[in-house]
Amino acid sequence: MKPMTIPKAVAALLVLLMAAGLGAAEAAPKTKATAKATAGTARTSKHADKGITCAQCHGRAAKKELVPMQQCLSCHGDTKELAARTAKVKPTNPHENRHFGTEADCNRCHHEHAVSENLCLPCHKFHFKVP
Amino acid sequence: MSQDHFQEDQEPDQYTKQTIENGFSRRSFLSRAAGGAAAAGLFGLSGLPAMAKDAAEAKGPELATSGDGGATLSFLPKPKPIRDREISETLTFDVVVVGAGASGVPAALSAAENGAKVAVVQKAPFALSQGNTGAGIDLAASEKAGVEALVARLIADSNHRCNPKLVRQWAYHSGEAVKWVIDRAKQGGSPVVDQGSPAQRAILKVNGYSLGYVTSFFGPKPYTTGDGMRHLAKTAEKAGVRFFFRMPAVQLVQNRAGEIQGVIARGPDGKYTKFLATKGVILATGDYQNNKAMSDYFIPDVKHFGRKQLDKTGDGFALAYWAGGVIEPIGHTKMLHDFDAGPASMCDMPFLAVDRKGRRFVNETVEMSLLNNYLRDAENAGHYSQIFDSNYMTQAAAWPGKLVPPEGLKNYMPEDPGPKKGVFESQVNTHVAGTIEELARKIEADPATLAATVKRYNELVASGKDSDFGKPADRLIPVLQAPFYGIHRRVRVSAICSGMLVDENHQALNAEGKPIKGLYLIGNLGGGFYGGVDYPLTVFGLSLGRCYTFGYLTGRHVAKL
Ligand SMILES: Cc1cc2nc3c(=O)[nH]c(=O)nc-3n(C[C@H](O)[C@H](O)[C@H](O)COP(=O)(O)OP(=O)(O)OC[C@H]3O[C@@H](n4cnc5c(N)ncnc54)[C@H](O)[C@@H]3O)c2cc1C
Chain A
1 MKPMTIPKAV AALLVLLMAA GLGAAEAAPK TKATAKATAG TARTSKHADK
51 GITCAQCHGR AAKKELVPMQ QCLSCHGDTK ELAARTAKVK PTNPHENRHF
101 GTEADCNRCH HEHAVSENLC LPCHKFHFKV P
Chain B
1001 MSQDHFQEDQ EPDQYTKQTI ENGFSRRSFL SRAAGGAAAA GLFGLSGLPA
1051 MAKDAAEAKG PELATSGDGG ATLSFLPKPK PIRDREISET LTFDVVVVGA
1101 GASGVPAALS AAENGAKVAV VQKAPFALSQ GNTGAGIDLA ASEKAGVEAL
1151 VARLIADSNH RCNPKLVRQW AYHSGEAVKW VIDRAKQGGS PVVDQGSPAQ
1201 RAILKVNGYS LGYVTSFFGP KPYTTGDGMR HLAKTAEKAG VRFFFRMPAV
1251 QLVQNRAGEI QGVIARGPDG KYTKFLATKG VILATGDYQN NKAMSDYFIP
1301 DVKHFGRKQL DKTGDGFALA YWAGGVIEPI GHTKMLHDFD AGPASMCDMP
1351 FLAVDRKGRR FVNETVEMSL LNNYLRDAEN AGHYSQIFDS NYMTQAAAWP
1401 GKLVPPEGLK NYMPEDPGPK KGVFESQVNT HVAGTIEELA RKIEADPATL
1451 AATVKRYNEL VASGKDSDFG KPADRLIPVL QAPFYGIHRR VRVSAICSGM
1501 LVDENHQALN AEGKPIKGLY LIGNLGGGFY GGVDYPLTVF GLSLGRCYTF
1551 GYLTGRHVAK L
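If you read the protein sequences in the order shown, they are chains A and B. Residues 1 to 131, numbered by my numbering, are exactly what the first sequence covers, in order. Residues 1001 to 1561, numbered by my numbering, are exactly what the second sequence covers, in order.
Hints are computed from structural coordinates only; laboratory data are not their basis. A couple of the hints might just be wrong.
[Stated by the list, open to error] Taking lysine-lysine pairs in the BS3-like style, the calculated list, with each CA pair at most 27 Å apart, reads:
{"hint": "1", "chain 1": "B", "residue 1": "Lys1221", "chain 2": "A", "residue 2": "Lys88"}
{"hint": "2", "chain 1": "A", "residue 1": "Lys88", "chain 2": "B", "residue 2": "Lys1421"}
{"hint": "3", "chain 1": "A", "residue 1": "Lys90", "chain 2": "A", "residue 2": "Lys46"}
{"hint": "4", "chain 1": "B", "residue 1": "Lys1221", "chain 2": "B", "residue 2": "Lys1117"}
{"hint": "5", "chain 1": "B", "residue 1": "Lys1421", "chain 2": "A", "residue 2": "Lys125"}
{"hint": "6", "chain 1": "A", "residue 1": "Lys63", "chain 2": "B", "residue 2": "Lys1221"}
{"hint": "7", "chain 1": "B", "residue 1": "Lys1271", "chain 2": "A", "residue 2": "Lys80"}
{"hint": "8", "chain 1": "B", "residue 1": "Lys1238", "chain 2": "A", "residue 2": "Lys63"}
{"hint": "9", "chain 1": "A", "residue 1": "Lys64", "chain 2": "B", "residue 2": "Lys1402"}
{"hint": "10", "chain 1": "B", "residue 1": "Lys1455", "chain 2": "B", "residue 2": "Lys1421"}
{"hint": "11", "chain 1": "B", "residue 1": "Lys1279", "chain 2": "B", "residue 2": "Lys1303"}
{"hint": "12", "chain 1": "B", "residue 1": "Lys1442", "chain 2": "A", "residue 2": "Lys125"}
{"hint": "13", "chain 1": "A", "residue 1": "Lys125", "chain 2": "B", "residue 2": "Lys1357"}
{"hint": "14", "chain 1": "B", "residue 1": "Lys1234", "chain 2": "B", "residue 2": "Lys1117"}
{"hint": "15", "chain 1": "B", "residue 1": "Lys1455", "chain 2": "A", "residue 2": "Lys64"}
{"hint": "16", "chain 1": "A", "residue 1": "Lys80", "chain 2": "B", "residue 2": "Lys1234"}
{"hint": "17", "chain 1": "B", "residue 1": "Lys1471", "chain 2": "A", "residue 2": "Lys64"}
{"hint": "18", "chain 1": "B", "residue 1": "Lys1078", "chain 2": "B", "residue 2": "Lys1517"}
{"hint": "19", "chain 1": "B", "residue 1": "Lys1292", "chain 2": "A", "residue 2": "Lys125"}
{"hint": "20", "chain 1": "A", "residue 1": "Lys90", "chain 2": "B", "residue 2": "Lys1186"}
{"hint": "21", "chain 1": "A", "residue 1": "Lys129", "chain 2": "B", "residue 2": "Lys1455"}
{"hint": "22", "chain 1": "B", "residue 1": "Lys1442", "chain 2": "B", "residue 2": "Lys1410"}
{"hint": "23", "chain 1": "B", "residue 1": "Lys1517", "chain 2": "A", "residue 2": "Lys125"}
[What the hints assert, rightly or not] To be clear about the criterion: a stretch of chain B counts as covered by chain A if any three or more of its residues have a C-beta under 8 Å from a C-beta of chain A, and this derived list gives those stretches:
{"hint": "24", "segment": "1121-1127"}
{"hint": "25", "segment": "1268-1279"}
As the structure is a computational prediction, the values presented were derived from the model and not from experiment. Beta carbons are placed, not taken as given, at the ideal position from N, Cα and C, and that holds for glycine.
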């Protein structure tokens, strides 16, 4: 796997944007970024804006696959370090919880080609703004 | 004490016959979809290879759908087998357990203690389960007639639709199994305690016969059985069990004769590992509450309720179904609770109860565990509130249950700044207010509606008769004196407790009632133990107690094969 160029700090920054505000009690409907949606053509993508190609995340196979979490980590770094950086976030650390420890799949909340979502809602009143 | 009225039946029992006739297997699916007895005959277990079956499935006529168009069986097509060249590693064990939860971890340890080389493949990054209380019968402290009376009670709780043999198996082995879980979890560092008979006050006598209990308590919250199973897993590791985390099982390895030889799991890197099991694969993957298509199909009643678990997508159901197993007929048993918003000991106390808007909807002597049936619509979605006034400590003193005084209620109030103990802070939802309207806003009801409901309720109380819902007069107390209290509960799906057809060895049976060699199903994936509309709360911790017991027995059984 070729390392890419985004500094880890960017990931941390993106993740540190919490706030009040998301008043709605229910979570947004689940919008799974499917392999189809991520294939080729012009899509909004923060990564693409930084010059990262589709293949760097989705691989070169003809049938594009969902991005395994390890692919995220190969640039964004270790999950435990990330959790340590967000340890003080209120009301709770978004990167360490009882369900997954520090190993929640990034893709569960952070979407590249769709609106990100907050997996904690609606079970817990943790109103994060998910980058 | 023995189960002396069991004999080896040649004929399948009533439960098994019913489940074969009305349940869902690939055979029944194919015969329904393709509309022919021919299909049923052709596709016996040792029949056509998987690919041919898939082709037949794809060509079947369009499936019927539910009224909202959402429910079809389309979620269960058998995938193409993963080929050997896609496997990056193959490991061989005697026993492979899939799922490290309340049934899987005990099964793995039990198998290891009986001499087997054991692997556990687990979807989550660690052992994972939920709940606090697990129950077994202490046979030494029970009369045999008491055990049988409780068995009869549990069968009645299941509307007489369960497999009595499995209920008896729990009854006669659970004391030993739960004690064993407590002992082994302690060895792993768990603070688990045996709360014994006092935790089961209402069933110390059944039909006049005495019983004693072993009641494991993994708690208090936030410590749960999830932590408990992690501690138990430490003991299992010391006993030689190997755990493979973040490795969901995705397919079984089945030979042409239909025998299960192992399981294929996918690692976090996307690579497949094949785990061969010389003695058997034990699936312990829990329920399917997070699989929307499956839930809508098998238990549409829960469509609008929130879920208490995550990632329980019924993986084991799919695996066993693809292998020829039989899913219990539609109308599965559900478990919906909210023990967290306010004190658990007050959840069944018959205070005025109002729906999400603020309307009275029930004779409040109906237990919390059944209220979901009144709140199934999208608007209510399981939300209701218990309402009482400042005199509750005296006026409700004689009711069954245990009142928590105002000082203690603060522990359940999100608005109270004080430190919380023994609760999940993000789940507490108890409120106090000076007026009914203010209380309505806090419990998120409509103030005018709640005010009208309270006014009407107080009229009924004053008249001494509940002419709206028929609640007994001694359960009527007014809501007059400020401050007013509201516990905003929200029942969500704790578990779905129906599963797939098994025999008394917990071996999966196929649509002909024949055991599938090498395949065992335990925990909520195993069928036959319930059968009612709702999970019964007669025995506190029956669910976990049953999971431990069948894990303990099945691990031992498979290890000794
Ligand atoms: C909040 C809550 C409180 C509860 N309280 C109680 C209580 O006090 N008493 C009681 O008796 N019952 C209680 N219950 C119910 C009880 O927790 C369940 O019935 C019980 O845990 C079911 O055990 P199981 O072994 O079937 O599944 P689980 O304990 O859920 O374990 C299943 C395991 O399988 C793993 N898994 C799933 N898919 C795969 C796959 N493809 N590959 C590998 N692994 C997989 C999961 O990660 C999980 O660890 C409660 C439930 C909830 C939600």
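* Quickly compare the C-alpha distance for B:Lys1421 and A:Lys125 to 27 Å and report which way the hint goes. => holds, 18 Å
* Asked: When you check the alpha-carbon spacing of A:Lys64 and B:Lys1402, does it fall within 27 Å?
  -> violated, 58 Å
* Given the hint that B:Lys1271 pairs with A:Lys80, does the C-alpha gap stay at or below 27 Å? -> holds, 23 Å
* Asked: For the pair supplied as a hint, B:Lys1517 and A:Lys125, is the alpha-carbon distance within the 27 Å limit?
  -> violated, 47 Å
* Straight-line Cα separation of B:Lys1442 and B:Lys1410 no greater than 27 Å? -> It holds: about 15 Å lies between the C-alpha atoms, which stays within 27 Å.
* Asked: Are the Cα positions of A:Lys90 and A:Lys46 separated by 27 Å at most?
  -> Judged against 27 Å, a Cα distance of about 26 Å means the pair holds.
* Starting from B:Lys1221, check that the Cα of A:Lys88 is at most 27 Å away, please. => Distance ~22 Å between B:Lys1221 and A:Lys88 Cα, so the pair holds.
* Given the hint that A:Lys63 pairs with B:Lys1221, does the C-alpha gap stay at or below 27 Å? -> Violated. A:Lys63 to B:Lys1221 sits at ~46 Å, over the 27 Å cutoff.
* Asked: Given the hint that A:Lys90 pairs with B:Lys1186, does the C-alpha gap stay at or below 27 Å?
  -> With Cα atoms ~34 Å apart, A:Lys90 and B:Lys1186 exceed 27 Å; violated.
* **27 Å limit on alpha-carbon distance, applied to hinted pair B:Lys1238 and A:Lys63** => At roughly 43 Å apart (the allowed maximum being 27 Å), A:Lys63 and B:Lys1238 break the hint.
* Asked: Does the structure keep B:Lys1279 and B:Lys1303 at a Cα separation of 27 Å or less?
  -> Violated: B:Lys1279 and B:Lys1303 sit about 39 Å apart, past 27 Å.
* Distance restraint between A:Lys80 and B:Lys1234, which requires alpha-carbon spacing of 27 Å or less -> holds, 22 Å
Going through the hint list in order, the structure does not satisfy hints 4, 6, 8, 9, 10, 11, 15, 17, 20, 21, 23.
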